[in-house]
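Chains V and W, in that order, are what the protein sequence lines are.
Using my numbering, you'd call the opening residue of the first sequence number 95 and step up by one each time.
Using my numbering, you'd call the opening residue of the second sequence number 67 and step up by one each time.
Keep in mind the hints are simulated off the structure, nothing from the lab.
Keep in mind that a hint or two might mislead.
Chain W residues, not near chain V, derived (Cβ > 12 Å throughout) [stated by the list, open to error]:
(1) S98
(2) D133
(3) T236
(4) L305
(5) Y324
Derived CB-CB ranges, DEER-like [as the list claims (entries may be wrong)]:
(6) Q225/W - F513/V: 32 to 42 Å
(7) R541/V - E253/W: 27 to 37 Å
(8) H569/V - G430/W: 47 to 57 Å
(9) K190/V - L93/W: 27 to 37 Å
(10) M548/V - L93/W: 18 to 28 Å
(11) V90/W - Q306/V: 51 to 61 Å
(12) Q74/W - G288/V: 37 to 47 Å
Even glycine gets a Cβ: it sits at the ideal position worked out from N, Cα and C.
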Amino acid sequence: MHSLMQTKKASQEHLLPYAQRSDFKVARANELTGKDRRFFRFLEIVPGVAAWTTIIGIVLASIYAPFIAAYFIIAFSIYWVLKTIFLSYHVRYNWKRLKHHMELDWGAMVQRFSYDKYYHLVIFPFYKEPIEVLEQTIEGMLAAKYDAQKIILVFAAEARAGTEAEAVARSLEKKYGASFGHFLVTIHPDDIVGEIAGKGSNVHWALHQVRQQVIDAYNIPYKNILTSVFDIDTVIYPDYFNCLIWFFMTVENPYKSCFQPVPLFTNNLWEASALSRVMAMSSTFWQMIMQERPEKAATFSSHSVSFQALYEIGYGQANVVSEDSRIFWNLMIANNGDFQVVSMSYPIAMDATTASTFWGTIANIYRQHRRWTYGVENWCYIVYHFTKNKAIPLRKRWSVALLQGEGYWSLVTNPIMLFILGWAPIFLGTREFHETVLSYELPIMVRNLLIVAMFGLVVSAVISLSLTPPRPDGHSRFRYIVMMLQWIMVPMTMIVFSAIPGLDAQTRLMFGRYMGFWVTPKARIK
Amino acid sequence: MTHEPEIQILPQKHRSIFFWILVVIFLIALPSLIFYTTGYRLSFENQETSIVTTGGMYITTDNLEVDVYLDEEPVERPRLFRSAYYIQNIAAGQHRIVVQSPGYRTWAKVLPVDSRVVTEASAFNVPEIAQLRPITLYETATGTAVYFSNTIIDKIFSQASSTEAFHYSTSTATTTLQVNSEFLFVESLFGTTSTSTQSVFSRLLEEVGKFGFATTTPKETASSTEVVEKTIRGDMELLDEDGELYARWLGSTASIPYYFCITNSSLASTSYRYGEHVAAAIEAAQQSTSTPLLVDNNRVCRTQVKLNRLRQDVFYYDFFPNSSDLVLMKLQNGIYVTEIDDRAWQNTQLLYPGVDMQIIVENGVIYIQDGEHYFQIATEIETN
């Protein structure tokens, strides 16, 4: 029987002082006691209450104070247009930088550095994904313009996935093991107390195992290892490791940095439905925006960080859903705020969420986005620790808390306010309101402002086409037209796949109905 | 050789400048758009720039293909919804609104527009030439109506148009024809519901000894001793009383139709804005205990409006199909549609001319019996 106690037996001396706190890896209020528990529970309630208060508030204002509601809606519509312009500016800039980075010869650029001593530890946690997905991932690794002998490849299987998952990993080890410096298969036990099943706990286990079985066994200094935790569908672009090394060697403090590529969900883009493509590209655009807004960025999905940094915080948390972002907050808080996200503006390819049926696709996208938006649990975590770790500059604590809070609030409320509640005063307002010019002009004004905002979609459509992989044989050129027109679905997708799952996630957290990790199915649609 | 990317991360300075530019735009746009949406406009008349306040008009129509004119100027198509026109930027004052369409009768009204307020009206247009769908006893296998006498053309279709082709048979043989079940249905309607062809005045004088109305529609009788008869749709009631026809609102003040209400002002102002008859009605309502005036903040509402019967006897009345704002009346020289809205005047349009005929509205369909013939009256011109 494994238990957290066994892993805790190891000395904690290597941990940063703040990471040694018993509540450092808190995930939920019920893991705390007394005042801390009540405070954390309060934080869990805040996002849901804020969102529902906003939505219900607009409905009530539309009924009882329609003039104020109408002015607010006009203000909000203007804000939305300007926000669209602001974000489009970032997307467009990052697109230029991304294209530029894709054209650079990173292999030549890193020649001026002495980087032979560095290893790339690449962890691929997986569950029951089919072997063709895993093989495509490995083929991507082999195609990398990098010495594969400097790569430690870990396929992290789940015991709960059964012997078949391990057999798949072993067969890959047999087939590709010799191609890499090290090839390790780890099996994450399913009975470790205190964990939640999912990618985070699997990676946590894999990091322990690879340190014991490879890193320590071969005396590789922790500071010489760059750890990349990739989703199993991640196919790297050939220069990824050179690009990573370049950033690692050039940033001011590489051991206080996470390195974030741009996820392009393009592996199966031509096979995916228009809905999947829009959602996939929307996620990509959001990450592109984050690339140019480092003060708001956290790690997302596949990313890289030094093993030393991970070791200093005990590899992050095995008890959270949004582990990909939580690792950054762990690092930032343990390092007293002195940790940053470095935007690489270099792509990695992943899968767009699909299923074999239309409704299956909708269900999968919804669940995936609910999981992503459950990242609001991170807001509770950072605010909780911001009240504890006074070594983090006060200004940083406030700005991060407010920026992150605004992000989760606007994610849930803005689409609903814009596309649904914007019309509420017209339908719910008083007779006095209905007789006014304002009542009649409001929908026209909101509509016109939304049309202006929709020009941002034109930018999106153009950029998305430029990031689309070449058209495979068997796909009509007509699909390009569909790929342009598909963006008209955005108002709907913002509500159905951002706002509603976000509200779902925040409401669950508000009521203490904690979510588990839902594994996004990865498959190749023929 | 390149040692580092030429494009660096978006500089914080650029982002800040861009952000503050957008903040400035927001601060300028917000009050500007709020003023605009509440009716304020910049005026450049007389080489002077000034801020003026405007109002609007909201006109609903029952016809999708109409032309709307405001003060004789055509209104572009600023449709808010499919069958509604919202006209912006109207200076405060009296304005003439006209809604017309080729082949249809014209609807017109002069209404007051106030600053920052939208005046509502509902237009209707019935065909200039009555549109009849023949309903004959016999029809062909393909459903075409069959007449055995060509007098129908002289008698009926000299002043009306048929919505469907019909067949004139010189033979009286019916073996190749089929019986039209709709004819039997309509015939039974007129057979079981006798409509009076007698003048209301004369009939009432004969039967009850005082003025009243004869009607064939199901009515709720207020009491067995009263002659007053009522037709109700939703919260709207049509009733004849003292020789006149009225529309009366039975619902709450909150949901009363806009045309019952006017801005609360002096009788002189009311007379100027809405017509003398409205001012008189308001004055009467102020004294009335049975249909009192409702005061609702800045407006006053009557609960009863007298309908324009063109100084003719009313032989029949009912709500126009699918409307509680329009009334169908059979007068001495034909079937008319009138609006309850009496602001300025009531538009009353001839739907079907004729004297010797009967009318029944059944399930939203207007049927008439003209002589021995039955028809359905179409309220729109069919376009094939």
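Hint-by-hint comparison with the structure:
At the 12 Å boundary, the C-beta of S98/W falls inside the reach of chain V, the nearest C-beta of that chain being 10 Å off. With a least beta-carbon separation of about 21 Å from chain V, D133/W lies farther than 12 Å from that chain, consistent with its non-interface assignment. Distance check for T236/W against chain V: the nearest CB is about 60 Å away, which clears 12 Å, and the non-interface claim stands. Every Cβ of chain V is farther than 12 Å from the Cβ of L305/W; the closest lies at roughly 26 Å, confirming the non-interface assignment.
At roughly 8 Å, the least C-beta separation between Y324/W and chain V is not larger than 12 Å, which violates its mark as non-interface. Checked against the given bound of 32 to 42 Å, the beta carbons of Q225/W and F513/V, roughly 53 Å apart, lie outside it. Between R541/V and E253/W the CB atoms are about 52 Å apart, so this pair departs from the stated range of 27 to 37 Å. Separated by about 52 Å at the C-beta atoms, H569/V and G430/W satisfy the suggested range of 47 to 57 Å.
In this structure the supplied range 27 to 37 Å holds for K190/V paired with L93/W, their Cβ-Cβ distance being about 30 Å. Our hint of 18 to 28 Å for M548/V and L93/W holds, since their Cβ atoms are close to 24 Å apart. At roughly 59 Å, the beta carbons of V90/W and Q306/V sit within the given window of 51 to 61 Å. Distance hint check: the CB atoms of Q74/W and G288/V are about 43 Å apart, consistent with the given range 37 to 47 Å.
Violation of the numbered hints given earlier is confined to hints 1, 5, 6, 7; the remaining hints are satisfied by the structure.
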